[in-house]
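Student: Protein chains in written order, with my numbering: chain A, 98 to 250; chain B, 98 to 250; chain C, 25 to 101.
To be clear, the hints were calculated from the coordinates, so they are not data collected in a lab. Predicted model, so just to flag it, every value in this text is computed and none were measured. We put the CB at the ideal spot given by N, CA and C, even for glycine. A couple of the hints might just be wrong.
Computed footprint of chain B on chain A; a stretch qualifies when at least three of its residues, placed anywhere within it, have a C-beta under 8 Å from a C-beta of chain B [unchecked claim]:
hint: 1; segment: 125–132
hint: 2; segment: 224–232
Taking lysine-lysine pairs in the DSBU-like style, the calculated list, with each CA pair at most 35 Å apart, reads [what the hints assert, rightly or not]:
hint: 3; chain 1: C; residue 1: Lys55; chain 2: C; residue 2: Lys73
hint: 4; chain 1: C; residue 1: Lys45; chain 2: C; residue 2: Lys73
hint: 5; chain 1: C; residue 1: Lys50; chain 2: C; residue 2: Lys73
hint: 6; chain 1: C; residue 1: Lys45; chain 2: A; residue 2: Lys176
hint: 7; chain 1: B; residue 1: Lys143; chain 2: C; residue 2: Lys50
hint: 8; chain 1: B; residue 1: Lys176; chain 2: B; residue 2: Lys143
hint: 9; chain 1: A; residue 1: Lys176; chain 2: B; residue 2: Lys143
hint: 10; chain 1: C; residue 1: Lys73; chain 2: B; residue 2: Lys143
hint: 11; chain 1: B; residue 1: Lys143; chain 2: C; residue 2: Lys60
hint: 12; chain 1: C; residue 1: Lys73; chain 2: A; residue 2: Lys202
hint: 13; chain 1: A; residue 1: Lys227; chain 2: C; residue 2: Lys55
hint: 14; chain 1: B; residue 1: Lys227; chain 2: B; residue 2: Lys143
hint: 15; chain 1: C; residue 1: Lys60; chain 2: C; residue 2: Lys45
hint: 16; chain 1: A; residue 1: Lys176; chain 2: C; residue 2: Lys55
hint: 17; chain 1: C; residue 1: Lys50; chain 2: B; residue 2: Lys176
hint: 18; chain 1: B; residue 1: Lys176; chain 2: B; residue 2: Lys227
hint: 19; chain 1: B; residue 1: Lys176; chain 2: C; residue 2: Lys45
hint: 20; chain 1: A; residue 1: Lys227; chain 2: A; residue 2: Lys176
hint: 21; chain 1: B; residue 1: Lys143; chain 2: C; residue 2: Lys45
hint: 22; chain 1: C; residue 1: Lys73; chain 2: B; residue 2: Lys202
hint: 23; chain 1: C; residue 1: Lys45; chain 2: C; residue 2: Lys55
hint: 24; chain 1: C; residue 1: Lys53; chain 2: A; residue 2: Lys176
hint: 25; chain 1: C; residue 1: Lys60; chain 2: C; residue 2: Lys73
hint: 26; chain 1: C; residue 1: Lys73; chain 2: C; residue 2: Lys53
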Amino acid sequence: MMKPVHTNFMELCFNARSENESFARVAVAAFLSQLDPTIEDLTDIKTVVSEAVTNSVIHGYEENPEGVILIRTEIEGTKICVQITDYGLGIEDVTEARQPLYTSKPELERSGMGFTIMENFMDEVMIHSKLGEGTTIQLVKQLTPQSQQSLVN
Amino acid sequence: MMKPVHTNFMELCFNARSENESFARVAVAAFLSQLDPTIEDLTDIKTVVSEAVTNSVIHGYEENPEGVILIRTEIEGTKICVQITDYGLGIEDVTEARQPLYTSKPELERSGMGFTIMENFMDEVMIHSKLGEGTTIQLVKQLTPQSQQSLVN
Amino acid sequence: IGEIQRFLRDDGMVKVSRSLKELANKVRKTKDELSKRLNRIPTLHEIAKEIGIEPEEIVFAQEANRAPTSIHETVYE
Ligand SMILES: Nc1ncnc2c1ncn2[C@@H]1O[C@H](COP(=O)(O)OP(=O)(O)O)[C@@H](O)[C@H]1O
Ligand SMILES: Nc1ncnc2c1ncn2[C@@H]1O[C@H](COP(=O)(O)OP(=O)(O)O)[C@@H](O)[C@H]1O
Ligand SMILES: [Mg+2]
Ligand SMILES: [Mg+2]
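All chains, full assembly: derive it from the sequences and hints.
Tutor: Have a look at this one:
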């Protein structure tokens, strides 16, 4: 008999302050803990959440702490989806922004590797952005077979 | 010179499922850890969040997992405020509900001590409730002088 | 964790950041032991069960090992 697929979600809202980055990472990872991932899986996801939140703080809102960041996390079986939204400046050229090493803020010693890291750690990275309106990053990952297996046990 | 008071907030939204209770507790704790509180303060707050979320799941929504729970956490200096809201059944008689050992669900072996625990661990416990509309519990705590002191260090 | 907490409770001055670091070290040790015993990477729940805490608490503790929780501590340690 097939078990029904487990679904669940959470939403998070906070100001664009660097001290909230760590909170956001922990909140997303704690939520995903119910799927019984490996610590490695969780570390990947936390890194990716950090990159996206940091982008919203630094690029989206240019460190204006009034800015609001939304995170929605969904679980569907062993597939996870994390969506990070800001209502900041937006990205003019998404294809250019995705290039490894590209950064619009070289003066801040940014590495330009944020999107590359996201693409490496997640299965899908979708960027929706509009100049002056904001940016949503949608990240999808299927948990590794190992953690899938241990879910069944 | 006086330092400006540090303020911050976060909002959290999730379904009324018991598997979200420890997520909610850890999310609130992770947010508050920017104040570097003592273990005692943080343990108290986590306990209190658990009690309020469990009440929303069991009493507010009678375990209907479609129900939505909202948590808003605010920091103002060393004062913290946690607000837990559900849109469930509501409480008919709040004075009665606050009584130690009072429970409307003795058949579930509830202890009736939830509100008493909240009152013991927090400085202020405000209950706003309306039958058929839902319940908001507002919890305020001034972190202990000890942690205040070490914050300054 | 029970013993750690009891120990810490005797001294109200102990900061969460410090106790979380101790827990994070315990998580690391337990993970290594379990990896050897199971001959594979243990899951979060397996580690949590071994230590006797909730999986979410592991996530929280690990954050403490990543960076100082507060600037105060950076200055102080
Ligand atoms: N949320 C965002 N809002 C506006 N611009 C963004 C956002 N995220 C990324 N960008 C743009 O995409 C570029 C590449 O991002 P990334 O790969 O993370 O590199 P870095 O952050 O080091 O510049 C950034 O330099 C910035 O121009
Ligand atoms: N969120 C809520 N929605 C509806 N009723 C509630 C809620 N929280 C508490 N109550 C009512 O208040 C009573 C006392 O709550 P509590 O002190 O936590 O004891 P217990 O949960 O063990 O019954 C509950 O039995 C219930 O009738
Ligand atoms: Mg970046
Ligand atoms: Mg209760």
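Student: None of the hints should be skipped; say for each whether it holds.
Tutor: Hints and how they fare:
1. 125–132: This one holds; 4 residues, not fewer than the three required, reach chain B with a Cβ under 8 Å.
2. 224–232: Not satisfied, violated; 0 residues make the cut.
3. Lys55(C) - Lys73(C): holds (11 Å)
4. Lys45(C) - Lys73(C): holds (19 Å)
5. Lys50(C) - Lys73(C): OK: Lys50(C) and Lys73(C) at ~13 Å, within 35 Å.
6. Lys45(C) - Lys176(A): Distance of about 31 Å is within 35 Å: holds.
7. Lys143(B) - Lys50(C): Within the cut-off at roughly 21 Å; holds.
8. Lys176(B) - Lys143(B): holds (16 Å)
9. Lys176(A) - Lys143(B): holds (29 Å)
10. Lys73(C) - Lys143(B): Holds, at roughly 20 Å.
11. Lys143(B) - Lys60(C): holds (34 Å)
12. Lys73(C) - Lys202(A): Given that 35 Å is the threshold and the Cα spacing comes to 45 Å, the pair is violated.
13. Lys227(A) - Lys55(C): At roughly 44 Å apart (the allowed maximum being 35 Å), Lys55(C) and Lys227(A) break the hint.
14. Lys227(B) - Lys143(B): holds (26 Å)
15. Lys60(C) - Lys45(C): This hinted pair holds, its Cα atoms lying about 23 Å apart.
16. Lys176(A) - Lys55(C): holds (24 Å)
17. Lys50(C) - Lys176(B): holds (32 Å)
18. Lys176(B) - Lys227(B): holds (28 Å)
19. Lys176(B) - Lys45(C): holds (25 Å)
20. Lys227(A) - Lys176(A): holds (27 Å)
21. Lys143(B) - Lys45(C): holds (18 Å)
22. Lys73(C) - Lys202(B): holds (31 Å)
23. Lys45(C) - Lys55(C): Judged against 35 Å, a Cα distance of about 15 Å means the pair holds.
24. Lys53(C) - Lys176(A): Holds, at about 29 Å.
25. Lys60(C) - Lys73(C): holds (16 Å)
26. Lys73(C) - Lys53(C): holds (14 Å)
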